[in-house]
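Here the protein sequences line up with chains Y and G, keeping their order.
Heads up: the first sequence begins at 36 in my numbering, then just goes up one per residue.
Heads up: the second sequence begins at 21 in my numbering, then just goes up one per residue.
Hint data in this document are derived by calculation from the structure and do not stem from the laboratory.
There may be inaccurate statements among the hints.
Have a look at the derived ranges for each label pair, beta carbon to beta carbon [as the list claims (entries may be wrong)]:
no., chain 1, residue 1, chain 2, residue 2, range
1, G, Thr29, Y, Ala237, 18 to 28 Å
2, Y, Pro313, G, Gly108, 32 to 42 Å
3, Y, Thr63, G, Arg22, 51 to 61 Å
4, Y, Gly49, G, Arg22, 37 to 47 Å
Quick reminder that beta carbons are idealized off the backbone N, C-alpha and C, glycines included.
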Amino acid sequence: MIREFKMSWFKNLGHRIVCFFNRPLSETITYIIVFFIFCTFALSYLYIFFWGIIAGLKTHSEIVLSPFNLPKSPQWQNYIDVFRLLNVNGYNFFGMLYNSLYFSLLGPLIQNMISCMLAYVTNKYKFLGSKFYMLVVTVMLIMPIYGSGGSAYRLYYNLGLINSYAHIILAFGGMNMTYLLYHAAFSSVSWSYAEAAFIDGANDYSVFFKIMLPQVMKIFGALFLLAWIADWNNYSSALIYLPKLPTLAGGIYLFELDMIYHVRRDILYAAYMITAIPPLILFAFFNKTLMSNVSLGGIKE
Amino acid sequence: MRLFKKILTSILILLLVMIVGVTFLSGCGRVSIPQTENDVTIKFWRSGVGQTFLDKAVENFQKKYPQYRVYIDSSTNRNDIKNNFGQGYDVDKVDIWIFPVDSISSKTLKEYAEPLNNVLTTKYEGESITIGEKYESSSLEALKWPDNNYYSLSYGGGWYGIVYNEKIINGVKYKLPRTTEELEYLTIDLYHDTALKNMPPYIHYADGGYWDYIYKVWQAQYDGMDYYTNTFMPLNGGESDPAPSKAILLKEDGRKKAIEAMSRILKPSYVYNGSNSMTFTDAQTLFIQDKAVMMVNGSWLLNEMKSVSNAGESFKIMKTPVISSIIEKCATIADDAELAALIDAIDAASNAAEVALSGIGYEVSRADADKVYEARNIMSNNFDAHGIVIPTYAVAKNAAKEFVKYFYSDENLANYWEATQLPLPVTYSNGNGPDMSTWGGWEAQQQQFTTSAIPLYSIQRTSSVIFTAGGARPYAGVNIVSLLTANNADDRADSSKIWNTIVLNHTSKWQSYLTNAQL
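Bound-form chain Y, shown alone (with noise of 0.2 Å):
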């Protein structure tokens, strides 16, 4: 099987390396100057990466001094080093992590579901204040309000919500721009669908759940994904409301100022690149979902 695979694919390079030097010269031409000049751009972000695991191999004077040169003796304790030495209000790297995941898995979890139940509900179902809703929602996105950061901290002060895994509960939100993709992709869902069901005996949340939501579940699935590499790399809010509880980008924040105080680059380097593991893994294996194109359908009119 893994014969044919690769016989298949071999073919179908062969196939494909054809069909691209049949085009007309200056098609090919234009095709190979644009390839070197993608080619040059991934090139460049993968010298980031690159750039970054060689320093943290390096000794921190080798970095100061020689900052593109490969190290002389590659120091590969930096990345064991890490692990011992970040540690951040008393959180190590697995403390943070766990409260990254927490947070950025959790938040954007909630978020978007409520999100998504109150477009729904909005959307579908006619009832008193249904498009009031939509109206105070889109006022309050126009309406920029500066300097409300200060009464908002301490709100949260008061109710405890900072320095706390408590603080979750400000993802039950439901007035932002989530809920109106969300009002928007249902408005593009036929009624019809709940109509059949309702014929065949399904309530309104089997009806919800069991057939409106997987209708949106691509969107669903990248708005998430979205929030949740928008809240990983927060370390603003992070630092802002939870400094006792440091997530991973909190962390590295204040890290660096420690490592910087402490004339450890070396281990800084090294930090940075095994905090941008979680989020290459999940890159690696949601990458299609974050670019693919969202299409519905599904009946017969």
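Based on these hints, arrange chain G on the given structure of chain Y.
Coordinates of chain G only, in the frame set by chain Y:
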């Protein structure tokens, strides 16, 4: 099989919900250090001084006084104190701040810091003198506020100066400069030395590095410490022009002379490329790896860099060269050569009275000799900025004071000096300083400055409210070093342009200074 999968999935979901639920509920109560009269929370700024000395002090204090418990919360962010101190007990639960106090305003410090006078008047058990008597007198005087209270005490810090590489400036080919004119010639010679092609005369870090601690000294040298402390910093124009005096702020004084001296020694080609955008540890790493000859730095330099290099014997701090334009104020000193000869005599004497009024190459009046003696020995330091502060609203105030008293005990001072080998402006109760027999040349030099230098402190207690609350700064926040050393000619400025910018900034902002200072 399907049933088994269903059960397994349900168990996994239940487990996940339990983990999340437990985590969520664990966040409902705030985890905190006990807040009782016997639980002392110390917030400590981790810097070049290190934390070993404090860990030892806490450990020994708790052994000696088992009724107290001490918790250390350390941070490298020097703004922590600015964001918390003075906010009241609701926000600030710290009992002792061991932190840079120059981060907070004088008004806040005075309002919310507990006076430590009774700590200074205490004799620690078994000792013969009070803690205040252990302090070097000018240091203690610098910590005293106009209301005769001491709102902070010093836990460390050091002296600022031009650190030089002894392998280059070793007295053979290159000698230590005595005046700024000699420093200028030294800079030029170093720059043109082909053997030092990849080793420019200076390196500093972003925002001018520590150069402001040098040109501040030159300003004080030119104007005299009395004028600097009692006229310029309080902006006191006298009876005819009471403080705050705009005329004093805009006057062409030692600041202008200092900027002129800076412009002669700092040019883009004399400075390591990229200095204006480097972090301080990167600049220091390059410096101790022999990539530049001189760098303005402080006593903590080698302690801070010991993980990179054990180069203790190759570096020293030079006595800050005397600003050559001081001869404009000295009627009996004709030129720079005579000034340099007088400085040699001053360096050989142990106090001002011992300086001979005439010798080889000079003949001066007593007034001029005293003025130059003072100038030669002025050194910037930040002992006052590294402060021990107890908030007035601290719960464990008395326990905190007991810890501070212990900190200055002979027993703890010995541990402090063993751990840091850094200068502290105090002595043991027998009047002696630390045992430096195991110290290197660098460390011993820093401690010796404690007895010989005339200190110029980071925080001037006599500062006008224009500076402390009005938002004004003596040099109007102009980044002199960046302007002198910018690679781009359009970004560069000479000394007169810099001075004019300072005057313009002060003139345009004077009203806002007054408003901010509520005058």
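Comparing the hints with the structure gives:
The hint said 18 to 28 Å for the Cβ distance between Thr29 (chain G) and Ala237 (chain Y), and at roughly 23 Å that hint holds. Between Pro313 (chain Y) and Gly108 (chain G) the CB atoms are about 40 Å apart, so this pair conforms to the stated range of 32 to 42 Å. Checked against the hint of 51 to 61 Å, the pair Thr63 (chain Y) and Arg22 (chain G) passes, with Cβ atoms roughly 55 Å apart. Checking the proposed 37 to 47 Å range against Gly49 (chain Y) and Arg22 (chain G) shows it holds: the Cβ atoms sit about 44 Å from each other.
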